[in-house]
Amino acid sequence: MPQSQASEAGGSDEPGDRAEFAALFEAHHDEVVRLAYLLCGDVELAGDAAAEAFARTYQQWQRGQVEHVPGYVRRVVINYVNSHFRRQARSRRAHIRHGPQWPAGAPSPSEQTIDAQHARWLIRQLPSRQATAIVLRYWQDLSHAEIAEAMDCPLGTVKSLLARGLARLREGAELEDG
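All you need for my numbering is the position in the sequence shown, starting with 1, plus 79.
In case anyone wonders, no lab produced these hints; they're calculated from the structure.
Idealized CB from N, CA, C, for every residue including glycine.
Be careful, since some hints might not be right.
Beta-carbon label-pair distances, calculated as ranges [stated by the list, open to error]: (1) S222 with R249: 14 to 24 Å; (2) A101 with A246: 35 to 45 Å; (3) G143 with R203: 35 to 45 Å; (4) Q204 with G235: 20 to 30 Å.
Construct the entire structure; sequences and hints are all you get.
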């Protein structure tokens, strides 16, 4: 197995292996932070999620338990962000949300175009699995099969999540415009 494939399959804690993982980190770090930000909308949380993802991936990689580093890191980021939101939801169950909260700088409902900030806001209104599928497909440009791997679910579930998520986004955009 070539050296680069060996690094993605895992390795020991030899200095060369650390250098290989450092190269993988450099190659994928920005993409992982971007994914985390798109999922959570918070720069600080995105940085924490990316750091945790690479730390956990490195631990498993040293044991030879990671076959594909980019996919494994994505899965850890998704789990980290989802866990964060579950903890937040548990701590806020007593609070009742009163209508949509418009983020600062979001376009008014009369505007015909949805800018990137508004699109992210709409995505954060989706259930987490739908939002995750939408972000992986349309921002990370992953195939349905890659999304199924990252989300650890069947291909049919990915297609369903994407269809339902897109339908809800369209509904939300139409409500904003109408």
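CB of G143 to CB of R203, is that within 35 to 45 Å? 37 Å, holds
Cβ separation of A101 and A246, checked against the hinted range 35 to 45 Å: Check passed, 43 Å falls within 35 to 45 Å.
R249 and S222 - C-beta distance against the hinted 14 to 24 Å: 22 Å, holds
Just tell me: holds or violated, for the beta carbon distance of Q204 and G235 against 20 to 30 Å? Distance hint for Q204, G235 holds at roughly 24 Å.
In terms of the numbered hints stated before, the structure departs from none.
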